Amino acid sequence: MSYVPHTREEVKEMLKAIGVSSIEDLFADISEDLRAKSFSLPEGKSEFEVKEHLERLSQKNNSFLISFLGAGFYDHYIPAVVDALVSRSEFYTAYTPYQAECSQGILQTIYEYQTAICALTDMDVANASLYDGGTALFEALMMAFRITGRNKVIIDGGLNPLYQKMLFTYTANLPLEIIKLPPQVGQVERETLYQHLDEKTVAVVLQNPNFFGTIDDYTDIVEQAHSVGALVIVSVYPIALGLIKTPGEMGVDIVTGEGQSLGLPLSFGGPYLGFLACKKQFVRKMPGRVVGATVDKEGKRGFVLTLQTREQHIRRQKATSNICTNAALCALRALIFLSVLGKTGFIELAKLNYDKSEFAKTVLKKIPGVEVLNTPTFNEFTVRISEDANEVVRKMLTKRFVPGLPLGKFFKDMNNYLLITVTEKRKKEEILRFAEALNDAINL
Amino acid sequence: MDIPEGLLYTKEHEWIKIEGDTGTIGITDYAQSALGDVTFVELPQMGDELKQFEPFASVESVKAVSDIYAPMSGKVIKLNEQLSTSPELLNQSPYEEGWLVVIEISDEKEKENLMSAAEYKQYLEGLSA
Amino acid sequence: MQLIFEKSVEGKRGIKIPRSDVPEAGEIPKGYQRVKAPSLPEVSELDVVRHFTRLSRLNFSIDANFYPLGSCTMKYNPKFTEQIAGLSGFSGLHPFLPFLSEDLVQGALEVIYETERLLGEITGMDAFTLEPLAGAHGELTGLLLITAFHKYHGQPKRYVIVPDSSHGTNPASAAICGYEVIIIPSDKDGCMDFKKYKERLNDEVAAVMLTCPNTLGLFNPHIKEIADLAHKAGALMYYDGANLNAIMGKIRPGDVGFDVVHLNLHKTFATPHGGGGPGAGPVGVKKELASFLPVPRVIKKDEKFVLEENLPHSIGSIAPFYGNFGVILKAYAYILLLGKSGLISVSEHAVLNANYIRARLKDYYHLPYDRICMHECVFSAVKQAKNGVHAIDIAKYLIDMGFHPPTMYFPTIVKEALMIEPTETESKQTLDQFIEAMIEIARLAEENPQMIKDAPTTTPVKRLDEVKAARNPDLRWKGE
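Protein chains in written order, with the numbering used here: chain A, 1 to 444; chain B, 445 to 573; chain C, 574 to 1053.
Here chain A stands alone, though its shape is the one from the complex (with noise of 0.2 Å):
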C-alpha cells in the first residue's frame, strides 16, 4: 500500500515514454556503494490494523482526569463549528498561498486572522503566525536586536520557565547578554529591573499574567524602557485579554504570544500557533509571512503575500527570519473561535475563567495548609501548601484530580508550590470536590 495508483501496464507504458526499461534505470546514478545498507522496517498494514493499533496506544493514556493543570496551555471548550470548519480539506491539504488567484480563501482568513490579533492585543500589525509561543518570542527578540542594533536583554523570571529555557538555546552562539531577574510570584520588581536597564539594552522580555497567574500593568516600564531606547516585549495568554489591560494600552512594541487557547487541542504539546504583533514602525522587520490587501487588475479587493523581500527565500542569509511554514491552519482554528464567539461571547468567557478562578480561591482558601498567594490574577494561581507537592500531586492523582503543576519542577525552593489553573471547563461541584479531596491529601 502505498497509494500508487498506477497499473502494472502503466508503469510500462511510462517507462516505453522515458525511454529506460526499468524503474531501476531510473536510479542507476546511485552506484552499488552509496546504496542503501539496511531497511529494516516492518512490512504495510491495513488502515484498520493501523487504526486499532494507534486506538489502543490512545487507551494507554489517561485522559479521563478533571484538570486543573494549565501553566501557558489551557483546556478550554472548542465549539463543534472549529473542528468543523478547519476540516474542510480545501483549506488543509493547500499549500502556503504562493498564487494567490487561486488561494484567495486562504489569505482572507489570515488577513482576517491578523485584524483578529490586532484586535485582541490592540496592536497595529500582526503577522500569519509562527510556529508557537515560545519560538514567537525568540523571533521577537531577534527583531529587537536588529532594531536596535544593541545587545543586552533583560528576562523577567516571570517568564514562563519552558521559554526562558528555549530562548537561551536559541541565543547560546550570538553576541547576546542575557540578564535574567529572580523568579517572583508576585509583580515585577520595578527596582531590580531598573539597575539592569541602560543605553545597551536591546529590550525587556514581560509576561501577563506572568508564568505564577499574576497580571500587571507594564506601562511604567515602557516608559522607562523608551526613555534609555530600549524595546518592551511582552508574551501574552489571548483569552486573559478580554479583560486584563492590553498590551497596545500599555505601550509595548512587540507582543507575543501562544494562541493554542484560542480552539486548538492540547494535543501533548503542537501543533500551536504562535503570534506576533507589533508597532507599525516595526513592520519591515518583522519575521514570518504577511498577507496584506491590494486590488486586482480590474479594482476588485484581493489578498497577496506581500513584504516578502523580508523572508529567507528571496533574503536568504540576510531574512529577518529562516520561518517558511508556519502554523496556518491553527490560525484559521483561532480566527473561527473568535469569529464564533464574538466580541461580547469572548469577554463573557474571560469572565466566566475569572469568576471560576476567584470562586476556587475562596474554597481553597479555607483548607488549613493551603496558602493562596495574595496577587491579582486571571484564571490561574499559585498556592503554598504544607506539604511537598509531589506527594500531594500523587494522592490526587489516585482520585483522578490533576491538581495543578508543582512548581518543584522548574524552581528551587518552591517545592511547596502549586499552580492552579480553573477554566470555564470546571464546573462548582468538581471545584469544591475538589477542595475536598486537596484537604484529605493535605490534612489526612
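Zero decoy hints are in this set.
Label pairs and their calculated CB-CB ranges: (1) G408(A) - E597(C): 31 to 41 Å; (2) Y194(A) - K495(B): 32 to 42 Å; (3) P448(B) - R301(A): 33 to 43 Å; (4) K959(C) - A84(A): 44 to 54 Å; (5) G19(A) - E556(B): 53 to 63 Å.
Some chain A residues close to chain C (C-beta under 10 Å, calculated; not the full set): (6) I23; (7) N173; (8) G270; (9) Y272; (10) T294; (11) K297.
Calculated directly from the structure, the hints in this document are not laboratory data.
These figures come from a predicted structure and were not determined experimentally.
Ideal Cβ positions, reconstructed from N, Cα and C, are used throughout, including at glycine.
Could you slot chains B and C onto chain A? The hints should help.
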C-alpha cells in the same frame, strides 16, 4: 536608456553628481528598469560614513532586494525623505526626484575610479552584447 | 468576498457561553482592566459556517486539484490519519502531564519513541528528536547541534557551506545560528561545483548543507567524496530532507556520510500542509552527536517510557515540549500503513512520474539539465519568454485549466524556472492531462501569447497588484 552628461557612473549602476565638495547619489535609468517597480528604499542614517564601492542602501521590488553601492566615500548630509512614502520616484525620475542621498565627499581623487557618461554608455553596450 | 468583520452586526451572537454556576467575583482590580472591548466580529454561527465554507471554495487544494508544486511534495494526505490525530486520548492530552507522572501518557510516549526509531532506520541515523516544529526549524536545530559538537571538541567554527541552488532556509538558518555563509556555484551538470567546493572548504567550516537530490531534482553522484572531504576538514555534513521522497529505500543519508538530517513530515510522510502549516521537522544525528540532542528525550526504562531531562551536553530545548505531536501521529500512522515496500514504492513512483513528465515535455520546453531526474524536474520557459510569455504567465494559465502551478523562479540559477514535482500519488491520467495542458500552452505561446498573459480569468480575482500591496501595506481591516 537615459545617461545624462556631467554625472559620474559606477559599474553597479549608481551615479554621482559632484558640486563643490558635495555629491548627490542615485541609481541609473538602467538600474531602475532592471529592478522593476520599486516598493521600498532603505536609506542610511544622517551622518553615516559611506565608503566607495561598499553597500550603503537597499532597494526592494516585489520579489528582489538589491544593494546600492557608494560611488564615492563621504558623510551623509542629506536624505531624500520623499522616498519613504513615494518609492516610485526611483522609477519615474532616477536622475532628478529619485536621488537617494547627498554626501560630503571625503576624497575627491576617488572620482578617477568612476566612468563618464560616454564610458558608462559603452559599458552598458558591452553588458547587453 | 466580504470580510467576517464586514458582516458584523451589533448585538449578534454566535455560540452561547455557559451560564456561570459560581458567584460573580466582581471586577479585575482597577488599573489592570482592559479599557476598550476588542473589535471582534458579531455574527451568528451560521454566518461563520457560511463564511468559511465559501472561503474554502476559493482555494485550490490537493483534494480538488493536481498540485505539482516543486520542492513541496504535495502528495495525497490519507484521511484516516486525521481521525487518529483526533482521538481524544491523544488530542486532549496536556503536555505537562508526564511532569506529574509518566504513567498517565505511556501511549503518547510510545508513539514518540517508535517514530524516532522508524525515522532512524529510514535515514540511517542513530538517534532522532521530534521536537523541531517545521523544516527550517529542523535546520536551525541541526546547526545548533553541530555548533555544540564543535564547541565540545574545542573547535568553534565560522562558516557554513551551501550550494547556490539551496533552499533559502539553509543560508537563513545558518545566519541565525551566527555563521557566515559560503555559497558554491553549480556546475554544468547542475550539481555543486566540486572544484570550487574543494577550494573553499577549510578547517573553519562547521557544516556543509546539501539537499539530495538537489533542488534541480538531480542526484549528485559525488556525494560520498564531498562528505569525505568535509570530514577530513573537520566539517559535518547536513542533509536537508526536503527531497527525501525521491530516495527512500535507495539511499540513506546516514550511509553516505551525512551526520545530521532533518525531515519534513508534511512532505515525505503525507501530513497535510494546512495552507502553510503546521508541519514537523524531526532531526536525526549520528551517535557522535546524540548527546547534544534537545531535552526532554523519551527513553525506555524497564519496559516503561520515561522522560530524560538531565543530559549535560544537551543544547537545551527548541520547542516547549515534544514537537508537533498531532503531526507526528499522522506520520507514524502513515509509515505503519505503508511499511517497507510501500515506502520504497513511494520513491520509485515519485521518480517515475517526474521522469514521465520530463520526457514528455522536453520537446516543448527548454530542459536546462537534460538527464534522468529524481522526484522533480526543472524546465525553463526561456523559449516562451521570447514571445513575452514568462513562467508566471504559464503558471496563471494553468490555474485557468484547473491545475495548481509548479514552483516558479526557483531554483534561482535557472532562468524562468518551472519546477514540477508530481509525487507518486498522481495517476497517469492526471499526468497526461497536465502534460496536454502544458503542450497547449506552448502552442499558444507561439500563436496567441496574449491569451496566456491575460490569465487567469476563471478565478475569483484577476492578477493582483503586488506592487501596491508592498508599497502601501494594508495588513488588517481598519473599519470603514
